[in-house]
Amino acid sequence: MKFIKIMLLNLLMISFAFSSTLIEDSKNLTTNSFSKKQKVINELTEKYAENEQLEIVLQTMLSGDLYYKKDDKTLVVIDKKEDREYFTSDIFSKVKYPKASKYDFKKVKINNKLRSVIKASLAVINLSSKNVDKRFKSARNLLKNLDLNDRPMVINALSKEKDSDVKEVLQEIIANLDAKFQTGDKQIQAIKDLGGFLSAKTVQTLDEIITKNESELIVQIAKDAQDKVEMKKSFYSFIETAFFGLSQGSVLLLAAIGLAITFGVMKVINMAHGELIMIGAYTTYTIQQIMPGLIEYSIIIAIPAAFIVSGIVGILIERLVIRHLYGRPLETLLATFGVSLILQQLVRTIYSPLNQEVKTPQWMSGALEINSTLSLTYNRLYIIIFAVIVFLAILYVMKKTSLGLKVRAVSQNRPIARAMGIKSSYIDALTFGIGSGIAGVAGVALSQLTNVGPNLGQAYIVDSFMVVVFGGVGNLWGTLIAALSLGEINKFIEPIAGAVLAKVIILVFIILFIQKKPRGLFPQKGRDVED
Amino acid sequence: MKRQPLVLKILENDKGGKIVLSTLAVVVFVVAFCNLFVPSDSIFYISTFTVTILGKYLAFALLALALDLVWGYLGVLSLGHGAFFALGGYAWAMYLMRQIGDRGVYGNPELPDFMVFMNLQELPWFWYGFDNPLFAFLMVGLIPGILAFVFGWFAFKSRVTGVYLSIITQAMTYALMLAFFRNDMGFGGNNGLTDFKDILGFDLSSDSTRVGLLIITFIALVLGYLVCRFIINSRLGRVVISIRDAESRVRFLGYKVEQYKLFIFVVSAILAAIAGALYVPQVGIINPGVFSPLFSIELVIWVAIGGRGTLYGAIIGAIIVSFASTYFTSALPEVWLYALGALFVLVTLYLPKGVVGLISQINSRVKKA
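Same order as they appear, the protein sequences are chains A and B.
Sequence positions in the first sequence follow this note's numbering and run 11 to 541.
Sequence positions in the second sequence follow this note's numbering and run 40 to 408.
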């Protein structure tokens, strides 16, 4: 047994042989002299900056967990201490050694000076890492903890750097350092350069310069630079708000567009529309439960599935309830409201009254960082794109296909359309199915943004109606413009008035707007005196 | 012609109204009597809880009556009548809050508990005057009345009709709900107003006050009914009904449709508000949930089930559905929403004239046979 173990151990050692030089060289860290240790660290950093093993060694050393065997100077970490015996493993190969007396080991000691040396080395290692993210993070870190000693290293890294984002951060570090510690023209130039950056550190540096400095010229320049930063910042935060508004507008668009079709064509208010959205969201949840291995693709699968499920439910509602109530819009409103209550309770019975967790696929999480003040989350970005695709698809169906032609004909003049041989009841059912299916698709998108629960639909029903009515019934472009502008208005009022008040203001605004233009932004043209 | 008292004249040709109101009168009298004068160990004793529940139903009946006036006779389906009800309730609850005085948990003689909790130093301006019951009562009618007037003025002037009107009334109550849920509105936020102690000097927890409230609610309901019936029977009422049936034609005949609509809408809002003010002391709490669109739309179904455009149908509907709601939510909470949903669907599909219509249908068949 023992023999096999040793064999395996040796094999492992051999597999790491390619970095044996690092292993050998790092044994020099076991010296007792602090000044020698410093020298060794610097040499190692220079030689093995791109080796990740070195980073681990230095990290362990920094936290005071690095030990070595007295006999062969192998660097180890301690896994477990038991009385006077240590369980250890190799720092490089992670191989576990048999337990041994604590007197066989010694700690690699460090002092404060070494600590800062190690930190600097780690920064260099990270800055020369092959991973762009790592370089970026390390540069950010350096910016946060500005140190004049880093300057040569940063300049060195800057000359090698190819990625523009990392480059910018490095430049920002240098500009900050120069603005703080240089004098004369160089300082002035650096302060001017600072006007081009955005981070909190830059703002802080400029503040310091303004309060500390006596030279009026420099203070003036710093103030100009500060104005520039502020302007840029407010510009980016404006863009960010606009982005949030756009994403909320897309959600509204997705929620409302199905309603625009059913309401526009049949002049029927479907209060169960929100519940059709909810069904779409629950379809997503169900698919994730059935296929736990395919979370990454679940959203893609859920889109057609939700379209079909919600579409079928929609057609059922149309055939069983709405069909019997044509010409009585107020009664339809009440009946579909009853349907919505039943659907909600059904979901409570089948699933649970609690909110369900819908997982976000990897490719939809995270954010696209444009700079330090502006980052756009992927899920919102995808939803905007998705909303646009859905909108274009609907537009195509309505304007370019024979089905769309028939739907428009029925919506504009039902008796004449029938006289032309269009089966209006068939078109009604189909339109309702499509509108409901889109509600389901909206539910898939919403499942990525909000909690999926029985009340999901209710939250969107009033908003969806507002969008449709605001945009003008029977006009898809009107719905688009209404959804986007309501989303934007909401997001721009929110920081001033708070989320709830913003909603109230919008509702009041729409109420007043409808009083002024009862048929919305883009009314359907016609000569009827009455609806 | 024989001179008749006004009440009988109003109820002339209104057999259903007479039956419903007199039945209710008997029920209220029996309940009140059995609660106050029958010893509590007798089987004929009726608990104070039942008295309160009945009072609540009657307040709801008044609210349904108000809605039937606008929906059944004017053809305007308001999905926001809960808002007027809630505003009336809040106005009266503010008076009740002021009556608590220093008996709150914090014992602050000036401020209600929730304001102390929110670290307010002094009473917000809009709470002034509410320690006076007359002023509060005035506000019960005035605030919802003004809201209805302004809202209706805008809506009817610009000829918003049909489902559009329904949706913006719903938006109105939704907006108010969101606003009242905010703590810094100064109306108790989420928790609403509660912990009332007494009303006009009477202890709210005593049986006799409860019975008194029940009787007052009943009287208010009767008065409300008479007012509605009087309006409908008048010349104005005929114009209102013709507006429901053919708005444009009435307009072309030279009537100012907006003014008629506005009048009915405001009267209805005030009736709803009074119902709210009667509801609050009996239930003992009002919170922003009453503003929720769900409540407003539920009361539409009361009227629909009872039979719209009959007034007494609304009363029947409100009492039946509220009773079913009380029963189911305690006995079978799971089933209640299914039942309510099914009610909405079945009544609109198969009972367009409600229970009242069903009864008269059966009657006429029996007569034929």
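Source of the hints: derived by calculation from the structure; they are not laboratory data.
Owing to the predicted nature of the structure, the values given are computational and were not obtained by experimental measurement.
There may be inaccurate statements among the hints.
Unchecked claim - Okay, derived cross-link-like pairs now, BS3-like style, lysine-lysine, Cα gap no bigger than 27 Å in a straight line:
hint, chain 1, residue 1, chain 2, residue 2
1, B, Lys-196, A, Lys-277
2, A, Lys-513, B, Lys-57
3, A, Lys-196, A, Lys-242
Claimed, not checked - Simulated restraints, written as ranges between beta carbons of each label pair:
hint, chain 1, residue 1, chain 2, residue 2, range
4, B, Trp-164, A, Arg-150, 50 to 56 Å
5, A, Ser-385, B, Thr-368, 19 to 25 Å
6, B, Thr-368, A, Arg-150, 42 to 48 Å
7, B, Asn-229, A, Lys-123, 31 to 37 Å
8, B, Leu-162, A, Thr-251, 33 to 39 Å
To be verified - Stretch by stretch, here's where chain B covers chain A in the computed footprint (C-beta under 8 Å, at least three residues):
hint, region
9, 329 to 335
10, 344 to 352
11, 475 to 488
12, 512 to 521
Glycine included, every Cβ here is placed at the ideal spot set by N, Cα and C.
Requested in this report: Count the residues of the region 475 to 488 of chain A whose CB lies closer than 8 Å to any CB of chain B, then report whether that count reaches three.
Outcome: Holds, because 3 residues of the region 475 to 488 of chain A bring their Cβ atoms closer than 8 Å to Cβ atoms of chain B.
Query - chain B covers the region 512 to 521 of chain A, three or more CB atoms within 8 Å, holds or violated - result: holds (count 6)
Report task. Return holds or violated for the Cβ distance of Thr-368 of chain B and Arg-150 of chain A against the range 42 to 48 Å. Result -> 57 Å, violated
Query - Pairwise beta carbon distance, Trp-164 of chain B to Arg-150 of chain A, judged against the given window 50 to 56 Å - result: 51 Å, holds
Query raised in the report: CA of Lys-196 of chain A to CA of Lys-242 of chain A, is that 27 Å or under?
Result: Holds, because 24 Å separates the two Cα atoms, which is no more than 27 Å.
Query raised in the report: So does Ser-385 of chain A sit 19 to 25 Å from Thr-368 of chain B, Cβ to Cβ?
Result: Violated, at about 47 Å.
Query raised in the report: Does the structure keep Lys-513 of chain A and Lys-57 of chain B at a Cα separation of 27 Å or less?
Result: 47 Å, violated
Query - Given pair status - Lys-277 of chain A, Lys-196 of chain B, alpha carbons within 27 Å - result: Roughly 23 Å between the alpha carbons, so the hint for Lys-196 of chain B and Lys-277 of chain A holds.
Query - Leu-162 of chain B versus Thr-251 of chain A beta-carbon gap, inside 33 to 39 Å or not - result: 38 Å, holds
Report task. Could you say whether the range 31 to 37 Å given as a hint is met by the Cβ separation of Asn-229 of chain B and Lys-123 of chain A? Result -> 58 Å, violated
Query - Assertion that chain B covers the region 344 to 352 of chain A - criterion: three or more residues, beta-carbon distance below 8 Å - result: Our answer is that it holds, as 8 residues pass the Cβ test (under 8 Å) against chain B, meeting three.
Report task. Establish whether the coverage given for the region 329 to 335 of chain A by chain B is satisfied; the threshold is a Cβ-Cβ distance below 8 Å, and no fewer than three residues must meet it. Result -> holds (count 3)
Checked against the numbered hints above, the structure violates hints 2, 5, 6 and 7; every other hint is satisfied.
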